[in-house]
Amino acid sequence: MKCSQFLQELTDYLDGVIDTKTRAELEDHLQWCHNCYVVVSTTKRTIEIYRDSKLYEIPDDLRNRLRSAIMSKCAAHKKSPDKKT
Amino acid sequence: MPPIQSKGTEAVTDELALVQAAKRGDISAFEQLVKRYDRNVFRIAQHITQNREDAEDVVQDAFLKAYQNLESFQEQSKFYTWLVRIAVNEALMRLRKRRTAKTVSIDEDVQTEDDAIPREVADWSPNPEQLYDQAELKEILGKTVQGLPPTFRTVFVLRDVEGLSTEETADALELSVPAVKSRLLRARLQLRDRLTKYFGKKSSRSNQP
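Chains Y and V are the protein sequences, given in the same order.
The first sequence begins at 41 in the numbering used here and counts up by one.
The second sequence begins at 81 in the numbering used here and counts up by one.
No wet-lab data here; the hints were simulated from the structure.
Glycine is no exception: its CB is placed at the ideal position from the N, C-alpha and C atoms.
Derived pair list, reagent style SDA-like, types lysine to any residue, alpha-carbon separation capped at 20 Å:
| hint | chain 1 | residue 1 | chain 2 | residue 2 |
| --- | --- | --- | --- | --- |
| 1 | V | K158 | V | Q148 |
| 2 | V | K277 | Y | S81 |
| 3 | Y | K84 | V | N207 |
| 4 | V | K158 | V | G243 |
| 5 | Y | K94 | V | R119 |
| 6 | Y | K118 | V | D106 |
| 7 | Y | K94 | V | K115 |
| 8 | Y | K94 | V | T224 |
| 9 | Y | K113 | V | L98 |
| 10 | Y | K113 | V | D134 |
| 11 | V | K158 | V | E95 |
| 12 | V | K115 | Y | S108 |
| 13 | Y | K42 | V | S262 |
| 14 | V | K281 | Y | I87 |
| 15 | V | K145 | V | T161 |
| 16 | Y | K118 | V | Q100 |
| 17 | V | K281 | Y | C73 |
| 18 | V | K145 | Y | R107 |
| 19 | V | K223 | Y | E97 |
| 20 | Y | K118 | V | V114 |
| 21 | Y | K119 | V | L150 |
Going by beta-carbon spacing under 7 Å, a handful of chain V positions derived as facing chain Y:
| hint | residue |
| --- | --- |
| 22 | E111 |
| 23 | V114 |
| 24 | R119 |
| 25 | F122 |
| 26 | R123 |
| 27 | V139 |
| 28 | L144 |
| 29 | Y147 |
| 30 | V201 |
| 31 | E209 |
| 32 | D240 |
| 33 | V241 |
| 34 | K261 |
| 35 | L264 |
| 36 | R272 |
Throw the hints in and build the complete structure from the sequences for me.
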């Protein structure tokens with residue numbers, strides 16, 4: 041297996057949605073290809089770091105303000121559904 | 081190496097009960113749905129628009145549109161996936177407005193021949209996130225994801241940050257599963273490549289003079 045073929049399967053490999061035979065071939069490739077091993081481990085870390093980062097968490101005060109704006113627009117729409125709220 | 085797991089489905093039945101109550105006119109049921117998903121919609125909107133004001137508008141407009149069109153929600157898919165589709169469209173529309181010279185579409189497939197081939201294969205420090213404090217780390221992650229084409233960061237945020245499955249992401253974006261996979265692969269590799277500058281062993285602070 042070439043590195044380019046390995047990379048084509050990388051997403052399915054990381055997501056664990058790959059058949060047993062292909063998985064075995066990929067893992068065999070990883071045994072001897074250090075570059076692909078590094079790509080796998082650092083790509084996995086990339087996903088984990090973003091998932092755990094709490095990047096773009098909405099602050100509580102903004103969250104409350106937006107929710108009350110949404111609900112008052114919804115209430116206005118409920119009263120007169122034809123009007124643009 | 082264990083696979084990255086999707087967050088999976090959660091309380092679908094409960095969600096459907098809230099949607100049905102909201103359809104019958106129970107506005108507090110809709111408020112429960114807002115409370116359940118407003119954080120997710122904000123994160124998605126901020127990832128796509130990269131603009132705080134736009135993200136706030138997207139949250140408001142997406143929920144309002146969902147409420148106004150609740151009757152047309154068919155209940156065959158998950159409410160959340162339907163809401164995400166509305167939010168993504170709103171966010172892309174805002175982005176388009178800000179970049180009038182350049183159209184932005186989720187269909188656009190930014191591709192160069194070798195963009196899926198990692199250029200920098202340096203290994204990372206064992207605990208890369210510990211090289212920086214929280215604020216610095218967020219700045220690095222924000223700057224890095226901002227550098228991706230909008231179509232890539234949209235797929236990345238839905239699939240990897242929000243934990244939608246590939247099929248749900250395809251459904252929300254009205255793309256084919258292979259198109260989602262192709263964008264996701266390139267998004268992941270580009271982010272990895274760019275983060276290597278900060279997290280690679282050579283960039284470890286202890287090695288710097």
